[in-house]
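Novice: Read off the chains here:
There are 2 protein chains.
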Amino acid sequence: MARVYLYDTTLRDGTQRRGLSLSLEDKLQIAQLLDDYGMDFIEGGWPASNPKDTAFFERTRGQFQTAQVAAFGSTRRKGILVDEDASLRSILELEVPVATLFGKASVFQVEQILETDVTENLRMVEESVRFLVEHGVTVIFDAEHYFDGYRAAPDYALAVLSAAEAGGASWLVLCDTNGGGLPIDIRNGVEAAKTVSRLPLGIHAHNDAGLAVANSLEAVAAGATMVQGTINGYGERCGNANLCTVWPNLVWKMGFEAGRVERLKDLTRLSRTVSEIANLAADDGAPYVGENAFAHKGGVHAGAVRKHPEAYEHIDPAQVGQTRRILVSELSGRSNLLYHFDSLLNAEQIQALVEQVKQLEADGYQFEDADSSMRLMVERSLHHVPAYYGVDRFHVSVTHDSTSICEATVRILVGGARFVEVGEGAGPVHALDEAMRKALTQVYPQVRDLHLTDYKVRVLNGRDATGAAVRVWIRSEYHNRVIQTVGVSRNILVASWQALVDAIDFLLWSEEAPSRHQEAVESQA
Amino acid sequence: MARVYLYDTTLRDGTQRRGLSLSLEDKLQIAQLLDDYGMDFIEGGWPASNPKDTAFFERTRGQFQTAQVAAFGSTRRKGILVDEDASLRSILELEVPVATLFGKASVFQVEQILETDVTENLRMVEESVRFLVEHGVTVIFDAEHYFDGYRAAPDYALAVLSAAEAGGASWLVLCDTNGGGLPIDIRNGVEAAKTVSRLPLGIHAHNDAGLAVANSLEAVAAGATMVQGTINGYGERCGNANLCTVWPNLVWKMGFEAGRVERLKDLTRLSRTVSEIANLAADDGAPYVGENAFAHKGGVHAGAVRKHPEAYEHIDPAQVGQTRRILVSELSGRSNLLYHFDSLLNAEQIQALVEQVKQLEADGYQFEDADSSMRLMVERSLHHVPAYYGVDRFHVSVTHDSTSICEATVRILVGGARFVEVGEGAGPVHALDEAMRKALTQVYPQVRDLHLTDYKVRVLNGRDATGAAVRVWIRSEYHNRVIQTVGVSRNILVASWQALVDAIDFLLWSEEAPSRHQEAVESQA
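Chain order of the listed sequences is X and S.
In terms of the numbering used here, the first sequence opens at residue 274 and continues consecutively.
In terms of the numbering used here, the second sequence opens at residue 274 and continues consecutively.
Check the hints yourself; a few may be wrong.
A pair counts as met if it fits within one copy or between any two copies, since identical chains are not told apart.
[Unchecked claim] Calculated lysine-lysine pairs in the DSSO-like style (CA-CA distance at most 27 Å, straight line):
id: 1; residue 1: LYS711; residue 2: LYS526
id: 2; residue 1: LYS580; residue 2: LYS351
id: 3; residue 1: LYS526; residue 2: LYS467
id: 4; residue 1: LYS631; residue 2: LYS580
id: 5; residue 1: LYS729; residue 2: LYS631
id: 6; residue 1: LYS526; residue 2: LYS631
id: 7; residue 1: LYS729; residue 2: LYS526
id: 8; residue 1: LYS580; residue 2: LYS467
id: 9; residue 1: LYS526; residue 2: LYS538
id: 10; residue 1: LYS526; residue 2: LYS351
id: 11; residue 1: LYS580; residue 2: LYS711
id: 12; residue 1: LYS351; residue 2: LYS729
id: 13; residue 1: LYS351; residue 2: LYS538
id: 14; residue 1: LYS711; residue 2: LYS351
id: 15; residue 1: LYS580; residue 2: LYS526
id: 16; residue 1: LYS711; residue 2: LYS729
id: 17; residue 1: LYS631; residue 2: LYS711
id: 18; residue 1: LYS467; residue 2: LYS729
Rather than coming from a laboratory, the hints here were simulated on the basis of the structure.
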């Protein structure tokens with residue numbers, strides 16, 4: 274089976290999407306996932322344009338099993354010697370195994386944008402590639418604007434490819450930089466490239482005409498063996514080719530080997546995790562991984578799917594870590610709950626839980642990422658969770674003039690005792706968290722070791738603006754165990770409070786019986 | 274120039290999308306738009322499955338200039354006489370000029386889902402088509418599962434087409450019902466259909482493999498002359514072929530005539546209006562019509578677009594009613610700022626601004642979606658923005674016991690006067706917003722017409738949990754103008770406060786001089 278190499282540029286081209294910016298920690302977390310899923314190349318960033326990317330290359334050096342980390346950069350500037358080019362030199366300093374250099378493959382771009390002549394551009398390409406290759410770096414050459422350039426002046430576009438090959442490039446990647454090409458343009462361009470070079474070819478497609486996936490597949494059908502793309506299709510303007518679509522298409526529809534094929538069954542998780550890290554809403558309509566991808570609404574469809582799933586499904590949803598959803602059906606969600614709680618609940622209790630979850634989801638709760646809140650809800654319904662403490666009231670006060678002061682007071686009852694404590698914080702939620710801890714650690718010292726490690730806020734129904742409901746999600750850790758909880762309210766402090774209380778309750782409940790540690794962990798798996 | 278007929282099924286297949294339901298008034302409004310844009314066919318609904326659709330056909334009878342309204346229905350049930358079929362009779366009662374009948378073109382579907390034999394299915398197709406045609410209805414035959422059926426048993430799929438033709442169908446529409454086909458499958462299927470029939474062919478593609486647009490274009494390239502699709506690609510599961518992408522591709526990339534071509538320049542409005550009516554968030558990444566479709570973030574791109582827009586744009590944004598957006602971010606540097614402020618600032622000031630933006634972004638600000646805050650920053654640095662008011666202090670108090678009470682007080686100075694006001698709200702930000710408005714409208718009545726329309730919170734460095742900094746982004750509208758502002762603080766109320774104040778200041782500043790309306794709008798373009 275022929276192999277197609279997957280080249281992920283989520284961390285570089287992906288971040289060109291409007292509204293997407295990633296911290297160093299975000300990038301490291303995504304890169305780890307990409308390696309785990311068997312991406313062949315991870316483009317880490319463009320050191321010349323973004324100095325903080327240097328840290329990324331340092332932190333990932335030698336860390337990955339499968340993936341090679343590539344630095345991105347351009348050919349040398351016009352009219353200088355190649356070793357005077359600060360950007361190329363900065364790539365060498367990173368000690369990366371692979372660099373992806375982009376150069377112009379279009380006469381229009383060379384003359385009008387670079388404002389140099391076509392011969393100098395050929396020198397820029399060849400000399401830049403050679404400079405890195407001679408210093409031991411494997412070079413992938415991205416021929417920018419190749420397809421537009423080829424249409425306007427085919428000989429020159431091909432001459433640029435030859436210059437990169439002469440410099441010692443290992444790959445020639447043909448770019449539809451403006452994203453306006455049709456599959457036929459892609460085929461013509463790839464076939465022409467094969468007439469001038471025997472180097473392996475890659476495709477870099479953008480989605481401005483809604484064809485990035487199709488164009489990537491067409492290039493592969495025409496002989497390319499590398500696809501550059503991003504998770505969820507993030508990227509400049511309308512985005513890059515979506516690897517969450519390209520990858521399963523290559524493997525299941527076209528019979529290629531690509532990535533770590535056995536991880537495709539968790540493709541949905543890859544997509545969702547990256548969108549969570551990017552703090553962008555997931556695209557419900559996305560092929561394979563979208564919330565709707567296997568959601569059947571039409572009565573005819575739903576009926577048929579019950580008999581024979583393949584009647585209206587092009588693949589088995591489990592192949593990408595999805596589940597079938599039959600909409601407008603009281604059964605939706607049931608099987609998931611059954612899966613987790615079959616041993617705890619009887620049929621009637623499961624049904625009651627389905628109803629409760631439905632109502633809470635309609636109110637804005639979401640339990641996919643809040644297993645601990647889900648588990649608590651089930652255990653509370655079985656009266657397994659005692660009232661460890663009662664909260665009489667809390668009060669938060671923020672005063673802002675030349676400085677700001679945040680104070681929170683809580684009144685908590687445990688047994689017959691009453692604890693009134695005050696906390697200060699950088700913001701109101703912080704103050705509330707401090708006050709709770711001060712009160713509760715007096716009775717439950719284990720609360721001291723509960724650390725909040727992530728906190729997210731999502732505004733529901735944004736159109737209600739500052740009066741809208743918000744969902745707060747909190748991730749806590751306790752001795753390496755993860756506790757994820759959720760709260761919803763029109764008051765952000767109340768929503769945060771609910772999620773905090775759930776985290777503490779879950780900790781106390783799971784600590785009560787040692788066996789629950791493992792149980793709790795498994796229910797989250 | 275050859276014509277491709279556009280067949281819109283937003284009102285039928287579109288509503289199979291999860292979360293999409295349309296009232297009769299919604300449908301009428303969308304149909305009016307579709308006619309205005311020159312769609313050739315509007316599929317109004319499936320009367321047999323949805324009795325309220327009858328009213329739609331009554332209300333639209335004879336109403337449209339271009340579009341023909343089509344009723345959707347299936348071939349007769351197995352084992353009955355055709356004139357006993359209630360569903361077919363209900364189509365006749367509608368007195369529609371066109372009916373679209375779907376029938377199975379796959380042996381698997383006939384035997385396993387319909388549970389009948391292949392010969393009976395051929396009779397069902399032929400008799401049902403003939404029944405309507407003999408009563409004066411033009412019939413478009415949708416060959417359901419045609420491509421899957423053709424792959425498994427080509428002769429039978431083609432026999433179904435012949436049966437429809439024998440019955441008197443005017444069109445044969447080949448359906449990739451499960452959406453899993455590749456362009457090559459589509460080409461093979463269309464070419465095979467041409468060998469058995471000279472009727473005009475149509476394509477109905479779904480997007481489960483991310484290829485609905487490509488497959489539609491491939492079918493047209495192979496000879497189909499009708500494309501069925503929906504506005505914004507709404508539809509069952511991953512949706513149908515998106516007409517907002519297919520249409521401009523057909524006209525501008527492939528040279529066909531389709532729809533009312535002069536209305537393409539308002540394509541973005543069509544897309545946005547339909548998503549407003551459907552009450553679904555617009556897809557920012559959508560080709561041609563998405564908010565990001567002509568948004569340039571990379572510094573290299575922005576610099577080049579400033580010289581020659583076509584450097585990174587596959588079409589002129591005005592062709593689809595769009596405007597170019599140059600985003601300001603840490604990735605962009607000088608060129609993006611130059612693009613906006615070239616006429617206002619000298620080189621030294623631009624450089625200072627670049628440094629300031631970099632520092633603010635390091636602190637967590639993000640300006641790419643907050644043009645108004647960006648503009649204010651520039652104008653403030655030029656001392657163009659007076660202190661319209663001073664905020665002495667604000668105080669927010671939240672008490673939560675059996676209920677929650679949120680109150681905010683503000684002390685504001687305008688000239689010599691001092692305004693102390695209190696606001697109540699569902700949450701603390703809401704209360705603060707109310708208090709500010711109460712105080713300021715006494716001096717600046719225009720603040721009353723400033724409406725907050727969206728509010729987002731992003732927790733920065735989530736790992737600092739409840740002590741982390743947050744970025745608040747607010748979108749406001751003032752008489753159809755959009756004002757987008759941002760605030761950052763470790764205290765969510767302070768961050769919200771900053772964004773609120775910026776929105777108000779921007780409004781007051783741009784209202785001061787009438788010329789600034791246009792300027793402000795342009796700087797956001």
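Novice: The structure should be examined with respect to each hint, and the outcome stated for every one.
Specialist: Structure-based check of all given hints:
1. LYS711 / LYS526: neither (55 Å within a copy, 62 Å between copies)
2. LYS580 / LYS351: Cα proximity of LYS580 and LYS351: across copies only (18 Å, versus 66 Å in one copy).
3. LYS526 / LYS467: both (24 Å within a copy, 25 Å between copies)
4. LYS631 / LYS580: within (24 Å within a copy, 54 Å between copies)
5. LYS729 / LYS631: both (22 Å within a copy, 25 Å between copies)
6. LYS526 / LYS631: Neither: 36 Å inside a copy, 45 Å across copies.
7. LYS729 / LYS526: Cα proximity of LYS729 and LYS526: none, with 38 Å in one copy and 40 Å across.
8. LYS580 / LYS467: neither (48 Å within a copy, 33 Å between copies)
9. LYS526 / LYS538: So LYS526 and LYS538 pass the 27 Å test inside one copy only (15 Å; across, 37 Å).
10. LYS526 / LYS351: Intra 44 Å, inter 34 Å, cutoff 27 Å: neither.
11. LYS580 / LYS711: neither (47 Å within a copy, 61 Å between copies)
12. LYS351 / LYS729: Neither: 46 Å inside a copy, 44 Å across copies.
13. LYS351 / LYS538: neither (48 Å within a copy, 39 Å between copies)
14. LYS711 / LYS351: Neither: 64 Å inside a chain and 60 Å across chains, both beyond 27 Å.
15. LYS580 / LYS526: within (24 Å within a copy, 43 Å between copies)
16. LYS711 / LYS729: Within one copy, since 23 Å is at most 27 Å while 31 Å is not.
17. LYS631 / LYS711: neither (36 Å within a copy, 39 Å between copies)
18. LYS467 / LYS729: Classified as neither: same-chain Cα gap 50 Å, cross-chain 49 Å, threshold 27 Å.
When each numbered hint is compared with the structure, violations occur for hints 1, 6, 7, 8, 10, 11, 12, 13, 14, 17, 18.
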